[in-house]
Amino acid sequence: MGQYVLRRLLIAVPSLLGISLVLFVVLALAPGDPFSELATNPNVPPEVALALRAKFGLDDPIYLRYLHWLLAMAQGDWGFSFVSRMDVDTLILQRLPTTLYVIGSAQLLALLIAIPVGVYAATRPYSIFDQIANTFAFIGFSLPTFFTGILFILIFSVTLDWLPLVYTTDINATGVQWLIEELRQAIMPVVVLGLFQAASMTRFVRSAMLDVIRLDYVTTARAKGLGQTRVIVKHVMRNAMIPVVTLVALQMPAVFGGAIVTEQIFRIPGIGSLLISSILANDTPVVMAVTFVFACLVVFFNLAADVLYGWLDPRISLR
Amino acid sequence: MAGSTLAFPSAERRAYSPWRETWRRYRRHKLAVVSAVLLAVLIAAVVFGPLVWHVSINDIDVNSRLEGPSLAHPFGTDDLGQDILARMIYGGRISLAVGLAAMLVSVIVGTLVGALAGMSRGALGHALMWLTDLFLSLPQLPLLLLLIYLFRDGLKAVFGPEGGIFILVVLVIGGLRWMPVARLVRAQFLSLREKEFVEAARALGASPLRQVVRHILPNAVGPVIIAGTIDVAAAIIAESTLSFLGLGFPPDTPTWGRLLYDAKDYLDIASHWALFPGGAIFIAVVSINFIGDGLRDALDARKVI
Numbered sequence: 001m002g003q004y005v006l007r008r009l010l011i012a013v014p015s016l017l018g019i020s021l022v023l024f025v026v027l028a029l030a031p032g033d034p035f036s037e038l039a040t041n042p043n044v045p046p047e048v049a050l051a052l053r054a055k056f057g058l059d060d061p062i063y064l065r066y067l068h069w070l071l072a073m074a075q076g077d078w079g080f081s082f083v084s085r086m087d088v089d090t091l092i093l094q095r096l097p098t099t100l101y102v103i104g105s106a107q108l109l110a111l112l113i114a115i116p117v118g119v120y121a122a123t124r125p126y127s128i129f130d131q132i133a134n135t136f137a138f139i140g141f142s143l144p145t146f147f148t149g150i151l152f153i154l155i156f157s158v159t160l161d162w163l164p165l166v167y168t169t170d171i172n173a174t175g176v177q178w179l180i181e182e183l184r185q186a187i188m189p190v191v192v193l194g195l196f197q198a199a200s201m202t203r204f205v206r207s208a209m210l211d212v213i214r215l216d217y218v219t220t221a222r223a224k225g226l227g228q229t230r231v232i233v234k235h236v237m238r239n240a241m242i243p244v245v246t247l248v249a250l251q252m253p254a255v256f257g258g259a260i261v262t263e264q265i266f267r268i269p270g271i272g273s274l275l276i277s278s279i280l281a282n283d284t285p286v287v288m289a290v291t292f293v294f295a296c297l298v299v300f301f302n303l304a305a306d307v308l309y310g311w312l313d314p315r316i317s318l319r
Numbered sequence: 320m321a322g323s324t325l326a327f328p329s330a331e332r333r334a335y336s337p338w339r340e341t342w343r344r345y346r347r348h349k350l351a352v353v354s355a356v357l358l359a360v361l362i363a364a365v366v367f368g369p370l371v372w373h374v375s376i377n378d379i380d381v382n383s384r385l386e387g388p389s390l391a392h393p394f395g396t397d398d399l400g401q402d403i404l405a406r407m408i409y410g411g412r413i414s415l416a417v418g419l420a421a422m423l424v425s426v427i428v429g430t431l432v433g434a435l436a437g438m439s440r441g442a443l444g445h446a447l448m449w450l451t452d453l454f455l456s457l458p459q460l461p462l463l464l465l466l467i468y469l470f471r472d473g474l475k476a477v478f479g480p481e482g483g484i485f486i487l488v489v490l491v492i493g494g495l496r497w498m499p500v501a502r503l504v505r506a507q508f509l510s511l512r513e514k515e516f517v518e519a520a521r522a523l524g525a526s527p528l529r530q531v532v533r534h535i536l537p538n539a540v541g542p543v544i545i546a547g548t549i550d551v552a553a554a555i556i557a558e559s560t561l562s563f564l565g566l567g568f569p570p571d572t573p574t575w576g577r578l579l580y581d582a583k584d585y586l587d588i589a590s591h592w593a594l595f596p597g598g599a600i601f602i603a604v605v606s607i608n609f610i611g612d613g614l615r616d617a618l619d620a621r622k623v624i
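Chain order of the listed sequences is A and B.
Number 213 in this note's numbering belongs to position 213 of the first sequence; there are no gaps in the numbering.
Just remember that this note's numbering sits 319 ahead of the position in the second sequence, which is counted from 1.
Looking at chain A on its own, in the form it has when it is part of the complex:
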């Protein structure tokens, strides 16, 4: 198992490097660079502009610039945000916990919905319950998060006035009151994101369960006289969850996409809304860094899924 984890870690490193290369090439191919404004500025003599370009290595060959950038990123020197007037890494570290909190709660909610519904639907395929669950799942992942978000605001904030419209980090209360307020403002974003995830997850769980439930060993378990609950929970689910883990990990890029949208709608101060505001403010160092953080998170969750996969299915780690 230890060897397996190590091997997975070694696979994650090249993909991180690959992603960083893709990001850097994209940036290098883009028209314009930080000093393009100097060339058109009449107050800067051309020789000063050229000297500045040479000093910051903008005219170096692209592989040297990539190596410089990579070394700087690895040492934690992520640049300086011109808009927020602070280091990019401090800025991101401030915002990251909020994003992880919202995404984590949403994934938890999605699992709490998807596993029971998917399992129950698979034990009664093509029943009324299965058909209703299937239709709802289809509608669920066809509803884009920005539209569900707006619908939720319209129903629960504007019409019913039950929940606060905007997310705040400095709630003016203490103790239990603070906790209640914190939970109330998190309900809508978490439910919007969680329901969207639950929709596709339910389908994964159902089809994985249906694949396993037909196998002979399940019939054997039933023939031994085990009860339905025991067969489903102990025998079928344990094996059916294996492919689900991978599918959930493959969904992670979509989850982050959804998180950006929900953070923007509910004005949650996470890294998703940071990305949007930096793009609108042309704050390139922050845009690059946030994109890279999202990429790292995706690679990290894929790694976690691989390790979990190895634990659920020992045959994999022995190969």
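These are computed hints drawn from the structure, not numbers from a lab.
What you are looking at is a predicted structure, and each value in this text was computed from that prediction instead of being measured.
It is possible that part of the hints are untrue.
If you want the footprint, here are the derived chain A segments under chain B, 3+ residues with CB under 8 Å [unchecked claim]:
1. 16–24
2. 134–143
3. 205–218
4. 261–275
Only part of the chain B face toward chain A is listed, based on derived beta-carbon distances under 10 Å [stated by the list, open to error]:
5. Val366
6. Pro369
7. Asp571
8. Thr572
9. Leu579
The beta-carbon is built from N, C-alpha and C at its ideal position, and this holds for glycine as well.
Since the structure of chain A is already known, use the hints to place chain B on it.
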């Protein structure tokens, strides 16, 4: 085999062409049929709408701002008194066109990569699959935003504000969604290239290109059609998301996502402004997804991720 087929009861039935057989199976999926009709109505409304509804999309009427649905404005008006129905007809053309064009990009790239990876027995196949996996682990929306942020101004200068963004959005959305198609095509190719009929073609001296185009690809097309259908829905969502974040088409181009973006600050006084374009996106996406589900039943393809 040929002589014994008559013994099967199915041989009594009239011989159907493969497409007719597909349609017969598709028809059994009631929701898919309803969806196909819905989508056809939506496309017809968007394409032929301007022939029936003559209101201009830019007519500003300050006397009727933020009005709810009425006879003069069936979908109401926005904060400048512009007619939302006319704007939705115009924006719908762009939203649906982006969906179709991005699907074509992703299907073409995916088929090319998948076919190359499926036919090659050496390092090329491995390299292409590594590339596919790398692209699968890229965070799509952040990268989409980054690409649009970096290349927006350059393309705008070359192709004009609307054309430049259209090309950019289509290429970027399509370029980030080809991986599932590539995997499907590769999986199909790996099994098909060992089949007897391909071996026969090879024995008869067919070039690799002819083997692929005449023999393997036609048999691998079912899953690609299904994946392509679902890609249209995903591309429509992606484009609307960009517009909703204020980073898609220019502000005066009323795509459905852009209408939602403009409407989201007026939810309390003009909810119709958000509900109509949002509903249109939802109907388009849900019907395309159901059509994809119906096609999956009809073309009898196993679901591969």
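**Asked** What are the numbers of the hints that this structure violates, sorted from low to high?
**Response** 3, 5, 6, 7 and 8
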